[in-house]
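J.: In case you want the letters, here they are:
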Amino acid sequence: MARVHFTGNFRQLAGGDEEVSIDASTVRELLLKLGEHYPSLAPHLDEGVALAIDGVIHQDALFSRIEPHSDVHLMPKIAGG
Amino acid sequence: MAAQNGGTTNGGTRWIGTRPVRPDGVDKVTGRARFGADLHLPNMLVGKVLRSPHAHARIRSIDTSAALALPGVKAIVTRDDFDDLPSEFVPAGEMLINYRDVVRNVMAREKALFEGHPLAAVAATSEKVAKEALDLIRVDYEVLPHVLDIDEAIAPDAPLLHEDMITAGVEPPPSAPSNVAKVVEFAHGDVEAGFAEADVVVEREFSTQPVHQGYIEPHSCVASFAEDGQAELWCTTQGHFVVRGHCAKLLGMEVSKLRVTASEIGGGFGGKTVVYLEPLALALSRKSGHPVKMTMSREEVFRASGPAPGTWARVRVGVTKDGRITAGEAELKYQAGAFQGSPVQPGCMCAFAPYDLEHVKVTGYDVVVNRPKVAAYRAPGAPQSEYAVESIIDELAKRIGMDPVELRLKNAAREGTRAAYGPTFGPIGLVETLEAARSHEHYRAPLAPGRGRGVASGFWFNIGGETCATLNLGEDGTIALVAGTPDIGGSRAALCLQTAEALGVDVEKIRPLIGDTSTLGYTFLTGGSRTAFASGLAVIEASKDMIGQLCERAAKIWNIPVDAVEWADGEARPAGANAGEFDPLTLADLAGVAGKTGGPIVGRAQINAQGAGPSFGTHLVDVDVDRETGRVTIERYTVIQDAGKAVHPSYVEGQLQGGAVQGIGWALNEEYVYDEYGRLQNPGFLDYRIPVCSDVPMIDTVIVEVANPTHPYGVRGVGETPIVPPMAAIANAVEGALGIRFTDLPMSPPRVLKALEEAHIPEAAD
Amino acid sequence: MARAHVITTVNGDPVEFLCDTEQTLLDVLRDELHLTGSKEGCASGDCGACSVIVDGRLVCACLMLGVEAQGHSIETIEGMAGGDRLHPLQTKFLEHAALQCGVCTPGFLVAAKSLLERNPDPTETEVRYWLAGNLCRCTGYDKIVRAVLDAAQEMRGG
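Chains as they are written, first to last, in the working numbering: chain A, 1 to 81; chain B, 82 to 847; chain C, 848 to 1005.
Hints are computed from structural coordinates only; laboratory data are not their basis. None of these values were measured; they are calculated from a predicted model. Every residue, glycine too, gets a C-beta built ideally from N, C-alpha and C. Don't take each hint at face value.
Partial list, derived from the structure: chain B residues whose beta carbon lies under 7 Å from chain C [what the hints assert, rightly or not]: (1) ALA279; (2) TYR296; (3) GLY348; (4) VAL512; (5) GLY570; (6) VAL742; (7) SER775.
Chain A extracted, bound-state conformation (with noise of 0.2 Å):
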């Protein structure tokens, strides 16, 4: 199970919770159960959503690996100038 961490305002959309073990092996994976286990929080994962996964930053990349024990961090999607 990867733990996944809620920051910003990804927090009071998943109803105030810290963090939540999901089981997945993808990003596309993590995002529908996450989805599921937080429908407040389901409209917001298509666009601009940002994973780090064990400190690197994905974004925009729906097959991206996760592993059994990967650390993530669910945060707002960045750009920059």
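Fit chains B and C to the supplied structure of chain A, relying on the hints for placement.
T.: Here is chains B and C on its own, set in the frame of chain A:
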């Protein structure tokens, strides 16, 4: 591993770390290079924009009949020529953007929301006729009260820019609309418990003024619509694929019918990641049947293109006597301009990023005001929040009697630190930059009486993203490299070097080109410090693709299995003794027989680059303050930054130097001056004063190299972080010189004089 | 409205053009003669991107009318390299990486050439003050100043 100017090592690599002349260099020193305004097409019209003279006004009607009747006027477009678009957030240069707002930003609909807001655009046979036509357009306004600053905008009875805007991020949602678009929060730990552990807590409020990116080339484009609905657009932009997407959306086109070519770009710094003129020029061209060229004047650039936001911050940090930071808390309010979407979110995430903090809480407010919609400017959001935090860190160091570099080192984020914005850092180079600062001759040099020395660190995330690249092998073994990221500061050189390294060929054999939107797959813009990293990964992948094909051809020629062929030093060789005895085949050998061995050889890559390495820097500055005039002079400046690996060290140094000098302008001079009607009073380079050559000294650089593990050569983005530390470093230096802490930028002569008078520091102090 | 007929010299060649009386020399260079190496950054003489040399004097082409070119000799960036050989300033700008986006570069080169014609051995401070009328937002000026000093040294034969 650190090196002074000119001395970066390139151990283990042949091309990475060298300093060849950039491939586009000769065109740029001879005037050949074609920038946005340099294209002339036959039968081309000139387009001009009518802009609102009011900061806030309802538009009752727009009458273009008299203007249309003027001989030479070929088309006029207004709000009626653009379909309204529903609220839909999409990723853009900086944060998410909403097409409902984009269509209103390029052309006002219900209301003009800032002075300079476009109301109509005219295409005519000459600029003179176009300007005459603008004077003939009649607009009936209902002038409304406006708000320019955050305090005014969030006041309970403030005039509303958007009557339906309900603050997001607040539970339960407020029942009434306001000018606060969004509230964001990042927190972990328990800040009050953290402050309880502190021996010293400092809390202060800070403000920064909006500043313009200040690119020397104004926005410019040429649009040409054909009768079959296909169009070409030439424009100066950081991302022509992004421009294509926005324009196609606004004009109701299929993206494949719009071919966008990025001209050479005369500076952007984030400000050329959005569309202003492009949809208008396309609409005018469609309506008139002529190519239409539109170019902003400098005044229009200031009045109507995006500054970085003005901000307000309250920051509180606690520290123990022995220098452990126990908690950090910040409240940040950022001006978004006329439409929501300030970079307050990254501002919040960056505020405490350089520190290993157990307890942190940052709250941010995105506030709309009657100013131009802000645009990204180098590390958008970070300079303002880190200025506040780095100022407090300096003050805490003084309060506990600790060297400010030591205090930072003691609390610095390092590999394994949980970042203040959530995730855990991989290998990062903040500690290395601080150690380099501590041991730098600048830091230990004696300071003349009356001068001050300041230090500050800074952080930016850096990004990857969607990127394509193609390597076309010519019949003589030379290579045409096609990338999709406009070259804003020498990236073609960086891409050629990475390709040369990956293929093992001479860098002079590679000629780069920025392909138009029809030559490559979707490629995200040049921004987020991503180009050397993400387009770099793409050309390395394309090189691998090409090497695979080259090895196959060699295997066929030698009649051995492909896995018995290896690629080394730019040639195919039998892999070991068992593979057989064959003379190596060079790239040129294989290119010459490509047609006979299976056809042309093209290396391609289409990737979504992940794992951009975060970037940290530390700046040192010495200032002198003229007690008589209030002028702050930068006497010495040193930028130290982790580049991961400097691909072309001269252009890395250039990024560090340029970012630092932009930060010097932000700290000391640059600000917008508005009158009581919300009209900008200084829309030109005479009165909006960016640093000139005689304002600054040489900017020394130290490139630290802590490899980014997700890039084969260790590359991190470098472009944005250098603008983050200067404001605090200079404020800390001024405090050192005068004993006065400036919490409001810019530290311009009038403000410094006023502060000196209030502090009763006599002129004769120096 | 009648356009003015102007006879002048551009980069050593005789040139004739027609222009509106309110057109600036910069407009004429760019729009009529298609010499787009001179750039418009401000149209108010503040940025120096349109620097040209008129009868040996450094001028912002945006501050001079096209008709004022009558009978004068104008040098632009397009005339700086001789045949297939770059001017030493152009070479040094490339070697020192003294440009990033490159839009201010023509103006800096023309202005620096004008400096070195008057003062072949300028100090760093003299270079900085002479070039204070040319804005660059990318480089922070460091590499530009180094390139000019290095070119000056080379042109002196050192």
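J.: If a hint holds in the structure, say so; if it does not, say that too.
T.: Evaluated hints:
1. ALA279: violated (38 Å)
2. TYR296: holds (6 Å)
3. GLY348: At about 5 Å, which falls below the 7 Å cut-off, the nearest Cβ of chain C leaves the hint on GLY348 of chain B intact, so it holds.
4. VAL512: At 26 Å from the nearest chain C Cβ, VAL512 of chain B fails the 7 Å test, so the hint is violated.
5. GLY570: holds (4 Å)
6. VAL742: holds (3 Å)
7. SER775: holds (4 Å)
When each numbered hint is compared with the structure, violations occur for hints 1 and 4.
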